[in-house]
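Protein sequences, first through last, are from chains A and B. Sequential numbering of the first sequence, starting at 1, is according to UniProt numbering. Sequential numbering of the second sequence, starting at 1, is according to UniProt numbering.
Since the hints were derived computationally from the structure, they do not count as laboratory data. There could be a bad hint or two in this list.
Computed, partial: chain B to chain A, Cβ under 7 Å [said to hold, decoys possible]: (1) Leu13; (2) Thr16; (3) Val18; (4) Thr31; (5) Ser38; (6) Tyr54; (7) Ile57; (8) Ile58; (9) Ile111; (10) Gly114; (11) Leu120; (12) Pro197; (13) Phe198; (14) Ile202; (15) Glu252; (16) Ala263.
If you want the ones that stay clear, here's a sample from chain B, every Cβ over 10 Å from chain A, calculated [claimed, not checked]: (17) Pro27; (18) Glu34; (19) Ala147; (20) Ala150.
Ranges between beta-carbon positions, derived for each pair [stated by the list, open to error]: (21) B/Gly100 x A/Ile74: 33 to 39 Å; (22) A/Thr6 x B/Leu17: 22 to 28 Å; (23) B/Glu62 x A/Gln98: 48 to 54 Å.
Ideal Cβ placement from N, Cα and C applies to all residues, glycine included.
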Amino acid sequence: MKRSKTLRILSVVGLLIIGLIVLLPFFWMISVSLKPATEPFAIPARLWPESPTLANYASAFRPEFRTYFLNSMIVSGASVVITVSLALFAAYSFTRGQLFALSFMLGAVVLAQMFPHAAIIIPIYKMMRSWDLLNSYTSLILSYVSITLPVAIWMLRGFLVKLPVSLEEAAAVDGASPMRVFRDIVVPLARPGIISVAVYVLIITWQEFLFALSFTSTNDMRTLPVGLNDFIGQYGIRYGELMASSVMVSMPVVAVFFFLQRYFVAGLTAGAVKG
Amino acid sequence: MTYKDRWLAWLFLAPTLVLLAVFLYYPMIGTFVESFYSTSFINPNPEFVGFEVYRKIIASREFSEVLWNSVLWTVGAVILQNILGFSTAMLLNQGLPGQGLLRALFLLPFILPGVVTAILWRFMYDPQLGLVNSLVVRLSDAENAVAWLASADTAMIAVIFTAVWKGFPFSMLIYLAALQSVDREQLEAATIDGAGPFRKLIDVIIPSVSSVILVNIVLTLILTFNYFDIIWIMTRGGPQDSTHIFPTIIYETGFGQFRFGEAATYGVFSILVLSVLVALYAIVQRTTSNRRATS
């Protein structure tokens, strides 16, 4: 018994150390974002500002920032809706369809998850250029849907295989068309899966940087990650405003994540642990 | 869906198949094609040069540096991330009070956008204003603050640490789910036999989650190898190319210098490295699922 007590103490100490490493940067980010410009950053730095202020937030929330925010909302929002719908259709076919080439196609989907984006971006860039789509929402939405679809299908398939077939069969016996079975039975039952996939797509597209950096060239089309990266140069060492912007960029995904954590964690681990 | 609803199955799959073909598989082939052409900013018309670009790149010092850096970055981050992720999962799996809250808090770096993570850590490492040096100066009586990202000796360690900070919660999450599936009876039997916590870890826990460990390691290898955001924002591959990895060199040669042929050739090399990892993933998956099926 004595040994288990020391073990508990060691565990608590371990968790405290990990917690400190994880949370200190967040604490620092918020602290600096609340620091008035007059408070110096001397070494050793003060951990919490003497007189916290929201001034950095007010000045960071300038017109460009609002444009980037709107762009990110449009691009991420559209990608979430399109990816989730397409993934739902595809995942349903993959779990219930009776096609000869199904396992081959599923293999192609799984493989596509692992494609290096940096390596395939040049042909995509050239394609977008020839279609005159560079610097448009469409180019980003098309890319984001394509890169998130494979994992989304995989996660949703994990949910759908666990649904009992008997409900669908009973409805079909009652004369419901396959389309109705899908709409009225499968979609409502798959709700937890749909939510977790939506959170996944939001997290990925909200932070996507490589495609946004390569495909957008003017300020009015930039999304938040690229805009934030531009701020590094513009703000110079005005870290207060930079950190305030960072907090504002992160807020939406952190909030969504905390509300829907349960679904997201279940979806992610179901796919990964099952393999 | 019955056999006669095959048309519906095809209809449901069609948009996905078209998107994957156009935006993932076609560009994959396109990268190979592109690598046989030479383009530059001065001469934007692609000119077929065969393996010329390959020869040039393999002979360059940059190529061996990028290859070495990629190995260092990927293997370093993956090992640390999995050790930290597994240990944290073990600590969070003992029924201590407040572990649900801790799990949610520990996931924060994972959901934090990559760009924000990179900017935050750039700032943390700042020699004058950063928290890392504040702590180093306070804890040891080091006279001079270290310019972590500006020195070729420390930049790689600094970016790896950032990647581990951001990536370990993902591994933790997967390991937590796996640990919950460990057979309780087997653990109790081991306790009755007088096995200590360390013995239980080695004899019961690790064997029963070994397949998840393997899959997780290969999966994080693939994700880390492809990760662009952190290094690009923190160091742009510098100083003196000491942190240049495949994704950053591809972006720099492609979109920084418009040498698409060279960028594509680097792309092909990164695809080759990845194919080895993907093959490894497939083998690990197959053997572990076979083992599960027979046991």
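Self-check item: Numbered hints the structure breaks, given as an ascending list
Solution: Hints 3, 5, 6, 7, 8, 13, 14, 15, 17, 18, 22 not satisfied by this model.
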